[in-house]
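Heads up: the sequence lines are chains W and L, in that order.
Counting from 1, one number per residue, gives the positions in the first sequence under the working numbering.
Counting from 1001, one number per residue, gives the positions in the second sequence under the working numbering.
Keep in mind the hints are simulated off the structure, nothing from the lab.
Certain hints may be false.
Stated by the list, open to error - Just a few of them, taken from the derived set where beta-carbon distance is under 7 Å, the chain W residues facing chain L:
id, residue
1, Val24
2, Leu26
3, Ile28
4, Asn31
5, Pro53
6, Gly55
7, Ala99
8, Ile118
9, Gly123
10, Pro125
11, Gly141
12, Leu158
13, Ala216
14, Ile258
15, Gly259
16, Thr281
Said to hold, decoys possible - Which chain L residues face chain W? A few, computed with CB under 8 Å, are given here:
id, residue
17, Leu1031
18, Tyr1050
19, Met1054
20, Gly1071
21, Leu1087
22, Val1091
23, Thr1094
24, Leu1117
25, Phe1135
26, Lys1250
27, Pro1266
28, Thr1273
29, Ile1307
Built from N, CA and C at the ideal position, the CB exists for glycine as well.
Each chain, written out:
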Amino acid sequence: MSLAAMRRSSRRSSGWRKLASAAVWLVIAFNLAVFIWLFVNSLRSHAEIFDDPWGLPRVLHTENWLNAWITSGFGAAIGNSVLVCVTAAVGIVVISAPAGYILAKTNRRLSEVALMYIAVGVGVPTQVIVIPLFTVVQTLGLLNSLFGLIVVYIALNLPFTVFLLAGFFRSMPDELEEAAALDGAGMVRLFAQIVAPMARSGMTTALILNLVWLWAEVFLALILIQSTDKQTLPLALLNFMAQQQYGGNDYGQLLAGIGIILLPVLAAYIWLGRRIIEGMTVGAGK
Amino acid sequence: MTAPTIGALTRAGPAGSARRRGGGGGATSPLQRRRAMMFWPFLLPALVLYTVFMVGPTVASFWISLHSWDGINEMSWRGLTNFQLLLADPVFRTALVNTLVILFGVGAAVFALSFALTMMLRDMAGRRFARAVIFFPSIVSPLVLAIFWGFLFQHGGLLDSFLADLGVADRPNFLGDHLWLVICVGMVWMSTGLYVTIIMAGVDQIPPYLYEECELAGASAWQRFRYVTFPLTWDVIATTTVLWTVSSLKIFDFILAFGGTTNDLPPSGTWNTALFIYGSTFGGRVPLYRFGYASAAAVVTLVTVIILVILLRRLSRREAVQL
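Excised from the complex, chain L in its bound form (with noise of 0.2 Å):
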């Protein structure tokens, strides 16, 4: 799942307490009073099923991954064992690759495009119809996106048959020898309509003027980039890298699809954690069930994002330029 409050989390803690209102008067008045009295009563519904379903099992997958388990049977310890087949197997060391390539390289992609757009898009006709057009794909399931990108790298699909009639006879097997370029691609363009709708809700908080005095100075539009848009959104950009990172670890179904079936996986080349978790419990045509073994692939993937996400809001620490 999307994740946009993650960057307004990362704000969340000092200016929000600092912007609570006293409700006039202390803990005393009629409103705190109530409020105070149903502060569990309101919680703890919520407080139950989020410990229960997510920080239960979050914890859980830590000790799971120290042991070998087939989800029937009595688990058996095994230490550490788990981590250190893990560092050698070829397949989940392509998924981690896999998962790093998508996190940085799709994501490098996806920023520079919506960018790009963005700036383009700024003070365009019909900015409104072209941001919505845009956006469309990250509302529709990635399966169908996915079927749709199949195709059109597919032998005899879009692009083969319209390179076959310009002539082209020495046609590349797309999705046959490159079937992870393609799937990368695939993720650029599913995932650029969100970032781009971010970045420009950003840059309409900038002043307009700041853009006409860098037209009368003679700014060239890389010039309005780094001197204007990029300083003034450097917020919004640190917030949607972190958006970014977790989302990014969280890409399962455009990947699934192109193994075609709900039995049958993709290759194991264009995995990434996700996938390899799902390809070495339950999916499949034989499931594997080996459930530590996938544990300590999900304690891995986590400690990753916990390492990347800190590392990020470390590097995006800046003052924010006041207007």
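Isolated chain W (complex conformation) (with noise of 0.2 Å):
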């Protein structure tokens, strides 16, 4: 190729190059401006609103949010939130970590069998089970408990933890430990004192991810939790587009309830981004 010829192709390329970018920049813009528009609005009101989408806030109305907070019940959404997810997020990693473990490191061939078969329920949707889940839980006598709803998170979740943190713990040299054997420490001990410690950022990885995805489901506490005074804050979203629908649309008001609901999640990100971009593409991008 002459060398005009690839000149002329680099300019080319270049131009296609700024058109490219330039489309980049416009999907990140569009998800900056709906943030942003979400947050902006939740301080108009609702005829503000629909009189034109487009505008800005001539007065704000920060008792949007304070009305949300009342209405919704967010308040107690958010206190059983947290507490489902912490519970069972910690739960998760708790029982997930020995087991992991323990079929990384041993060489049997039933700890490879036991291992798939754990493993493949990471592609089981939930409504494929949520009937006979039902019954279960119903028959546990653990329908409409907050204790039953993280007995079943956990137990969901297991298979997605068990393998991550499997594929982990393999990678991990053998050196520490067997010395700790030979002065006499228990597997009990050697977990807790040298695997655990060693294992840290994985298990902090399984641990952010859980709460991540356990902080916006909806399907099974749907099924799983009747009453108000127990509802997770996804339901409680859920049940305050109800209550507008109803007792008039108040679009600000719901701006403002979303707004609650995303600023925690916004605020965990900014500080906790990469390890979440880097957790959820642990698994599938090595």
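Reassemble the complex: the two chains are provided individually, in unrelated frames, and hints are given to aid placement.
The following block contains the structure:
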């Protein structure tokens, strides 16, 4: 290829590149605009929003946020959600870590089979098991109880976490454990004092991912929780939407309600963003 | 729930066991003995919970699907009648078609868009920030995204009033006449961030000198994609298609939110099988509790996943390019 042709093609490609990166920035601008719009309009009245959805607030209707907080029952729901999500996420990791460890570090044929047995659970959609699951939970007397929801959350998220952590433990060296075992330490002590601290970053990733998912979980909560005093945040949002529809729409308040839900997620994302992103790609990307 | 490990899963078997460490000196080392002794105590809690709440119900779904049952009275045997009724039920047929439209149509759009974005992000200034912004919708509750999405397209909403300002008199009734399309586009928006991030992680593994050589040879953007990026990220692509297959079938709340409340379901023309199952059991103002019938739908869904995942793995089995 002649030099001139090469220059021509590189000029052409740089033109394309400008267009392409403009397109990327358009997507980014859209995403940013969505969330800015949500927050800006949470400070406007319903009439203002529908008068001109593109406008800015004339007066700051901060009372939207207060009203949303009061009518939605988000306060209690946040309490429930924090309790359920934190307990379940910790439970998942506490139960998955030993299982993942022992499956990754023993050479039996059985460990391989057991790992596959657990891992296929990742592919089972919730709607496939929800009917028998409802019956099981009912039989155990755990319907409409936060404890029941926690147990179900733990059980259903084990496959992913066991699998994630097994991969993590597999790449850990044995030397420290060998030495401690020679000194006579038992397995439980080995695990608590040597293995767990070494695997801290993998376990933290698992914890964060489970928290992110559970925070937004709707389907199971919708079916297993029936009374409003036990509702989690996504259920409270659904009920809040219902109230808005019957008690006359107030989009300002609805958006303020969304703001209340979004803020903690946004804060967590700013704080732990890279960790969340890398955690979600770790299994698939490597 | 999303499940990035599904892909690692597809490659787990033999590679995993080969990588396992011997632990020095066979099964007689103190460490190995301790591990062997604690095998069941460490494994059992996870195994029992998983079996009781996940495997048991999965198996039970098959059994229930052969019965007529409302969850309270005795089950009565129905054989394959549920399946016959299901296949003749226009609502279920629509739901199944919609599920496949999400899987293939929305999926194709998500992948095309993710690849395009990844290629452009590859050597862009501010790519970390860009990635963070594009990813953010993946961790926001789909309910929240759906509420915004509804307002974007609603009469008097953002798009409608924008078109009105432009002087378009004959504006389409997006939510009334094109709700399913609106929902599909919304799912593309909602899902793209995660796949951009995963594919980007794969693309980052490609040594930059390959692209430099392409540049020198005067390769076009398409050629760079076709001969470098695509073959070298094949593994990641195979993985993400399985991930999409599994997670697209689980989409539920984004569609549910278009019904507006806890009690109201969206129009049945927008249901996928997840909504169909919810709609024929617990959902709606007057729940139907058709457990047997809905279980048959669950079985059809599960069988669909299994077949598709096996097919995908067959299709994607190809020698990985070694560098």
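Exercise for the section: Give me the numbers of the hints this structure contradicts, sorted from smallest to largest. Expected result: 2, 6, 11, 15, 21, 22, 23, 27 and 29
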